[in-house]
Amino acid sequence: MITPRIHVQREGFDIKDEMARIEKSGRDIGAIVSFTGLCRSEGGALSALELEHYPGMAEMELTRIAEDAMARWPLQALTLLHRYGVITPGEDIVLVITAAAHRRAAFEAADFLMDFLKSRAPFWKKEHPAQGTPGAWVKAGAGDEAALKRWGAEE
Amino acid sequence: MNIRYFAWLRERVGTPEEDIAFPAHVVTIADAIAHLATLGEGYAYAFENPALIRAALDRQHAKPETALGAARELALFPPMTGG
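First to last, the protein sequences are chains A and B. Letter by letter, the first sequence follows residues 55 to 209 in the numbering used here. Letter by letter, the second sequence follows residues 18 to 100 in the numbering used here.
Note that these hints are calculated values from the structure, not bench results. Treat the hints loosely; a few may be bogus.
Unchecked claim - Taking lysine-lysine pairs in the DSS-like style, the calculated list, with each CA pair at most 27 Å apart, reads:
id: 1; chain 1: A; residue 1: K180; chain 2: B; residue 2: K80
id: 2; chain 1: B; residue 1: K80; chain 2: A; residue 2: K193
id: 3; chain 1: B; residue 1: K80; chain 2: A; residue 2: K70
id: 4; chain 1: A; residue 1: K203; chain 2: A; residue 2: K193
id: 5; chain 1: A; residue 1: K193; chain 2: A; residue 2: K180
To be verified - Far from chain A, some chain B residues (derived; all Cβ distances over 10 Å):
id: 6; residue: A24
id: 7; residue: A54
id: 8; residue: E58
id: 9; residue: N66
id: 10; residue: L85
id: 11; residue: A88
Here the structure is a predicted model, which is why all the values come from computation and not from measurement. Positions of the beta carbon are idealized from the N, C-alpha and C atoms, including for glycine.
Just chain A, same shape as in the assembly (with noise of 0.2 Å):
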């Protein structure tokens, strides 16, 4: 099996240096497919996310949710990255690249991996908003503990 490259960093990514890794990384790869999450503004309104998370428990969350997605699609790379502490409109926060023989297990495991991530992986955003008022914390999504269930999760 191959091991996922799994990194949660404070600092930003080069998607461009993650797929040319990967592209590299073996001759039967024929489809990679590549998410970015990114930090919008809200039409001007956030002036930054502010992103907690739980050292130790992330990556290893990260792990388990990455060999899920191994154990049910022949994948021949894996790699997500996830950014912690003070991020502005613009910047990545999350990027997913997956790599297989054909595309549909590389489409399905990157959309399970993000469906995970979400409900799973422990971070948590702040918003910081653009004017005076304190930041307030992001609710998360009525959707977001149901998206798990199209995988057969429960809950």
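Position chain B against the provided structure of chain A, taking the given hints into account.
Coordinates of chain B only, in the frame set by chain A:
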């Protein structure tokens, strides 16, 4: 037992982590939450709605009915919002 709090739970309790010696009747995570809620105003506010609390025992997700057992670390936090 080492208890860790995250996000608004941490802010309401007023500390990121602390050691708590639970009384003997505290067996499960739900019991632990009910006990913590009695420790003061901030705790009562943090745990006013137990349905909003998620937990991890020794860094693995765990349900409220899970026994604390020999675990060394209990983490309590709101639903996660990463990604």
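Results of checking the hints against the structure:
1. A/K180 - B/K80: It holds: about 25 Å lies between the C-alpha atoms, which stays within 27 Å.
2. B/K80 - A/K193: holds (20 Å)
3. B/K80 - A/K70: violated (40 Å)
4. A/K203 - A/K193: holds (20 Å)
5. A/K193 - A/K180: holds (9 Å)
6. A24: Violated, because the least Cβ-Cβ distance between B/A24 and chain A comes to about 4 Å, which does not exceed 10 Å.
7. A54: holds (20 Å)
8. E58: Fine: 20 Å to the nearest Cβ keeps B/E58 off the interface.
9. N66: holds (13 Å)
10. L85: It holds; B/L85 is separated from chain A by about 17 Å at its closest Cβ, greater than 10 Å.
11. A88: B/A88 clear of chain A: closest Cβ-Cβ about 13 Å, beyond 10 Å.
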